[in-house]
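Visitor: The primary structure of each chain is shown beneath.
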Amino acid sequence: MKNLEMLNIKNIIIKLILIILFYFISSFMLEQGIIPPHIESNMFFIGINIILAVSLNLINGFTGQFSLGHAGFMALGAYASAAVTSIYGKDFVFGILAAAVITAIAGLIIGIPTLRLKGDYLAIATLGFAEIIKVLLENYEKFGGAAGMSDIPFYTTWPWLYFSVIITIVLISNFIKSYQGRACIAIREDEIAAEAMGVNTTYYKVLAFVIGATFAGIAGALYANRIYYIKPGDFSFMKSIDILVMVVFGGIGSVSGAVVGTLILAVISTALQDAMEYRMLIYAFILAIIMIYRPQGILGKNGFKSIKRRVRKLFKKEEKANASIKG
Amino acid sequence: MEGFVQQLINGVSLGSIYALIALGYTMVYGIINLINFAHGDVYMVGAYVGFYLTTSMGLGFIPSLILSMVVCALLGVVIEKLAYKPIRKSSRIAALTTAIAVSLILEYGMMAWVGAETKTFRSDLLPKTSISLFDGNVILEAKNIYIIAITIILMILLQFIVYKTKVGKSMRAVSQDKEAAELMGINSDRTISFTFAIGSALAGAAGVMVGAYYNSIHPLMGMAPGLKAFIAAVIGGIGIIPGAVFGGFFLGIIETFVSFAGASTYKDAVAFLILIVILIIKPSGLLGKNVKEKV
Amino acid sequence: MPVLKVKDLTKSFGGIVAVSNISMEVEKGQIAGVIGPNGAGKTTLFNLLTGIYKPTSGEVEYNLDRKVTTRQLKPYKTAAYGISRTFQNIRLFKEMTVLENVLIGYHNNFNYSVFSSFFRLPGFLKGERKAREEALELLKVMGLYNKKDELAKNLPYGEQRKLEIARALATKPQVLLLDEPAAGMNPQETNELTQLIRKLRKDFNLTIILIEHDMSLVMDICEKIFVFDYGKLIAKGTPLEVQNNPEVIKAYLGEEEEHATA
Chain A
1 MKNLEMLNIK
11 NIIIKLILII
21 LFYFISSFML
31 EQGIIPPHIE
41 SNMFFIGINI
51 ILAVSLNLIN
61 GFTGQFSLGH
71 AGFMALGAYA
81 SAAVTSIYGK
91 DFVFGILAAA
101 VITAIAGLII
111 GIPTLRLKGD
121 YLAIATLGFA
131 EIIKVLLENY
141 EKFGGAAGMS
151 DIPFYTTWPW
161 LYFSVIITIV
171 LISNFIKSYQ
181 GRACIAIRED
191 EIAAEAMGVN
201 TTYYKVLAFV
211 IGATFAGIAG
221 ALYANRIYYI
231 KPGDFSFMKS
241 IDILVMVVFG
251 GIGSVSGAVV
261 GTLILAVIST
271 ALQDAMEYRM
281 LIYAFILAII
291 MIYRPQGILG
301 KNGFKSIKRR
311 VRKLFKKEEK
321 ANASIKG
Chain W
1 MEGFVQQLIN
11 GVSLGSIYAL
21 IALGYTMVYG
31 IINLINFAHG
41 DVYMVGAYVG
51 FYLTTSMGLG
61 FIPSLILSMV
71 VCALLGVVIE
81 KLAYKPIRKS
91 SRIAALTTAI
101 AVSLILEYGM
111 MAWVGAETKT
121 FRSDLLPKTS
131 ISLFDGNVIL
141 EAKNIYIIAI
151 TIILMILLQF
161 IVYKTKVGKS
171 MRAVSQDKEA
181 AELMGINSDR
191 TISFTFAIGS
201 ALAGAAGVMV
211 GAYYNSIHPL
221 MGMAPGLKAF
231 IAAVIGGIGI
241 IPGAVFGGFF
251 LGIIETFVSF
261 AGASTYKDAV
271 AFLILIVILI
281 IKPSGLLGKN
291 VKEKV
Chain X
1 MPVLKVKDLT
11 KSFGGIVAVS
21 NISMEVEKGQ
31 IAGVIGPNGA
41 GKTTLFNLLT
51 GIYKPTSGEV
61 EYNLDRKVTT
71 RQLKPYKTAA
81 YGISRTFQNI
91 RLFKEMTVLE
101 NVLIGYHNNF
111 NYSVFSSFFR
121 LPGFLKGERK
131 AREEALELLK
141 VMGLYNKKDE
151 LAKNLPYGEQ
161 RKLEIARALA
171 TKPQVLLLDE
181 PAAGMNPQET
191 NELTQLIRKL
201 RKDFNLTIIL
211 IEHDMSLVMD
221 ICEKIFVFDY
231 GKLIAKGTPL
241 EVQNNPEVIK
251 AYLGEEEEHA
261 TA
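Chain order of the listed sequences is A, W and X. Per the numbering used here, the very first residue in the first sequence carries number 1; after that it's consecutive. Per the numbering used here, the very first residue in the second sequence carries number 1; after that it's consecutive. Per the numbering used here, the very first residue in the third sequence carries number 1; after that it's consecutive.
Think of the hints as simulated: they come from the structure by calculation, not from any bench. Hints are not guaranteed to be accurate.
Below, simulated EDC-like cross-link-like pairs (lysine to aspartate or glutamate); rule was C-alpha separation at most 16 Å, straight line [as the list claims (entries may be wrong)]: (1) X/LYS74 with A/GLU141; (2) X/LYS199 with X/ASP229; (3) X/LYS224 with X/GLU27; (4) W/LYS169 with W/ASP189; (5) X/LYS67 with X/GLU100; (6) X/LYS94 with A/GLU191; (7) A/LYS231 with A/GLU141; (8) X/LYS140 with X/GLU150; (9) X/LYS94 with X/GLU159; (10) A/LYS177 with X/GLU95; (11) X/LYS140 with X/GLU100; (12) X/LYS28 with X/ASP8; (13) A/LYS90 with A/ASP151; (14) X/LYS236 with X/GLU27; (15) A/LYS177 with X/ASP149; (16) X/LYS54 with X/ASP8; (17) X/LYS7 with X/GLU27; (18) A/LYS177 with X/GLU100; (19) X/LYS236 with X/ASP8; (20) X/LYS77 with A/GLU141; (21) X/LYS130 with X/GLU100; (22) X/LYS94 with A/ASP151; (23) X/LYS5 with X/GLU100; (24) X/LYS153 with A/ASP190.
Just chain A, with the same shape it has in the complex (with noise of 0.2 Å):
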């Protein structure tokens, strides 16, 4: 077997072309002015959602390791690159940068001690920090306190977003097929039977988590720099919990689930956008039923896989019945 035919080079053509083509076409909609604003901003919050539900379903879903404080990397992303653009009046680049390297560096050093705890306790210790970061960022003037920042340049225009979601969903996919990817899923799956077979839990706990924080940090900076104001109060337990019921709801441990719970509960956000308490008690109620009756998530722990893996099943049956009929 040739090195390139792991590749499946067939397989990557074709979704590089629908990827361009997509690209392309919604471009062109948006300059055209076909989209209505609602919609457009829609798209973008969207795809700000689906980097940070696919960021924490790396760190939740793939790794096992339950994070309820991803709102605290992405305020950190978003006061970084809102800061090294409006502050220091710099370009985007500079400013996604910052946000990348900041949110990496928080990750590592909240990931190295709370990521030694176990269950309930490393949520509630990531909770922890996400509140005082937000605490922290409230009481710092420089950034506004908790009146927040305003006037951050509008940077993330259609092609930022959509290739950031793209290559988000790519990297972190790619991740996941590699042996580093397989050790964080092993770690779920079991951890004492991995590190039976040489997997270094704490060091995969941590990576899954500096990884998972760093992509919503940059989620963060594209959302400061489409917003143009900024404040704690956006990043709050609430937020996290959002992303969480995305990734839930989707599918823990699959990242077309992850995507495909975005999308859906971004419809049922749109529909009850003017009724607050209803959004919130129709996720509550989500959320309640998934982990009662299918904790799995819709798309369950394989994704699109397991969808496949039935399909080709149900035909083999057919097949099989088909054969005995004509035998």
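For chain A, the structure is supplied; the task is to place chains W and X on it using the hints.
Guide: Same frame as chain A, now just chains W and X:
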């Protein structure tokens, strides 16, 4: 010196509230290993029930307090039966997520039902008298004495129930070893329900007292105290009843002094920092024993 | 030089002594058996041998490519040192495929970077190809090749046990610890397992230590047997020696045997 005493009094009042709520967390965690995220919202419901009873029904403070405790006890049992019993065998993450869902349902359900605006309690529920100490530098309000006294009474009651009654013995048995307790003929389902009932009743009492003391309530009022009460329970040692009491007063006093020192906007961060430090250094809590897990 | 030397090993949890004063030696290439009634401390021994527990006193010493002692024995390092194991209660990665389970066994043999993973660079491609080729060979040897894309949780019980062994072999061990490999197997499966273990010892140059309750398997293939009871090592020797040891008979059958021979 006077400032110190004044803040100590305030801290003990605040600590009483945290301790009452923390007891519910710790008892539930002790018996089914679940962080009942919705517990802080039961406290909120207690406040609203008290509001309704005192405002619309014109009841006095003590009757409202007792009735609210009963309602909250029922609420706790219902929540356990509907939401937590089905996921008893699931992972801790599924359990915690369900608890978060229940919390949201209570918060936003209340918001949708009665509105998100703050409501004001009757201000004549607690006596307005106060005693002046140290030449007027320290004010000991009757309100404070009421809260601390009621808290102490409730805790003595709790102590009596846990150590001197049959149900209390069941609670202790199921906390230690559920299967062994069941083999001895204890109905663990009923014991668990009872635990939820007591914990929720205490939270409800705290809610009414806070409403009467601070006068304003709103649907999200349970979030911060709920989280802090949980932190208090962990500080003292989650699953240990005296730990919740200790942790509650400890956190209440520290928070009051942090505010007094001029850093009140940081008080939440301080609470979380203490939590993280404890979880990393001594997760069994300040009053807890170091029990190593057997693989 | 024995491959494994256990010196006066004791492990207690609070007031409970799980194993006390265990001294044993296993030579290179041997198949050794650990037997004893339930609760005698056998799995505790395995956990001590793989770094999951730290001894209360005493030492574990391996003489492999390098000398490894208790101090260096961290659970995730044992595979790198050449020590691998299976578990009494089957700890497979249920939601991963058969092939993926074995690839986890190869974990220490991968060396491409995270960057390489993100962008599917040649390092990733080469590493994955090599690993998959080796893993598939291993699956062929264990008779699991046809099920390579099946989810581990969907395998029948006997194949799950075989998969656990395949996964352990993927770590390229020199010492293989098998915890009740024949549990739940019928006589025919046990027979196949016996042949398999002998074959694996030869083909992979292994030293094998197994915990077992199935006496036919143990007496058949073990060259040395260690008998545990109440946390103590009450007998060691060849199968014949152990079978005739009165202490062993007493432990398994109780006091009546003693009275019968008196």
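Visitor: Next step is simple, just say for each hint if it's right about the structure.
Guide: Against the structure, the hints come out as follows:
1. As the CA atoms of X/LYS74 and A/GLU141 are separated by approximately 47 Å, the hinted pair breaks the 16 Å bound.
2. Restraint check for X/LYS199 and X/ASP229: the C-alpha separation of about 30 Å exceeds 16 Å, so the hint is violated.
3. Under the criterion of a C-alpha separation no larger than 16 Å, the hint pairing X/LYS224 with X/GLU27 is consistent with the structure, at around 10 Å.
4. With a C-alpha separation of about 14 Å, the suggested pairing of W/LYS169 with W/ASP189 holds against the 16 Å cut-off.
5. Note on X/LYS67 and X/GLU100: the hinted pairing is violated, with a Cα-Cα distance of about 31 Å set against a maximum of 16 Å.
6. Proposed proximity of X/LYS94 and A/GLU191 is supported: the alpha carbons are some 12 Å apart, at most 16 Å.
7. In summary, the hint linking A/LYS231 to A/GLU141 is supported, as the alpha carbons are separated by about 12 Å, within the 16 Å threshold.
8. The hinted pair formed by X/LYS140 and X/GLU150 meets the criterion: a straight-line CA distance of about 15 Å does not exceed 16 Å.
9. Between X/LYS94 and X/GLU159 the CA atoms are separated by roughly 13 Å; this keeps the pair inside 16 Å, and the hint holds.
10. Restraint check for A/LYS177 and X/GLU95: the C-alpha separation of about 14 Å stays at or below 16 Å, so the hint holds.
11. Our distance criterion of 16 Å between C-alpha atoms is met by X/LYS140 and X/GLU100, whose separation comes to about 15 Å.
12. Distance restraint check for X/LYS28 and X/ASP8: the Cα-Cα separation of roughly 21 Å exceeds the 16 Å cut-off, and the hinted pair is therefore not satisfied.
13. Restraint check for A/LYS90 and A/ASP151: the C-alpha separation of about 14 Å stays at or below 16 Å, so the hint holds.
14. Simply put, X/LYS236 and X/GLU27 have alpha-carbon atoms about 14 Å apart, close enough for the 16 Å limit, and the pair holds.
15. Under the criterion of a C-alpha separation no larger than 16 Å, the hint pairing A/LYS177 with X/ASP149 is consistent with the structure, at around 14 Å.
16. The straight-line distance between the Cα atoms of X/LYS54 and X/ASP8 is roughly 14 Å, inside the 16 Å bound, and the hint therefore holds.
17. The hinted pair formed by X/LYS7 and X/GLU27 meets the criterion: a straight-line CA distance of about 15 Å does not exceed 16 Å.
18. Distance restraint check for A/LYS177 and X/GLU100: the Cα-Cα separation of roughly 10 Å lies within the 16 Å cut-off, and the hinted pair is therefore satisfied.
19. As the CA atoms of X/LYS236 and X/ASP8 are separated by approximately 15 Å, the hinted pair is consistent with the 16 Å bound.
20. Between X/LYS77 and A/GLU141 the CA atoms are separated by roughly 48 Å; this puts the pair beyond 16 Å, and the hint is violated.
21. Between X/LYS130 and X/GLU100, the direct Cα distance comes to roughly 14 Å. Compliance with the 16 Å bound is thereby established for this hinted pair.
22. For the hint pairing X/LYS94 with A/ASP151, the CA-to-CA distance comes to about 51 Å; that exceeds 16 Å, so the pair is violated.
23. Simply put, X/LYS5 and X/GLU100 have alpha-carbon atoms about 34 Å apart, too far for the 16 Å limit, and the pair is violated.
24. For the proposed pair X/LYS153 and A/ASP190, the alpha carbon gap of about 13 Å is at most 16 Å, so the pair holds.
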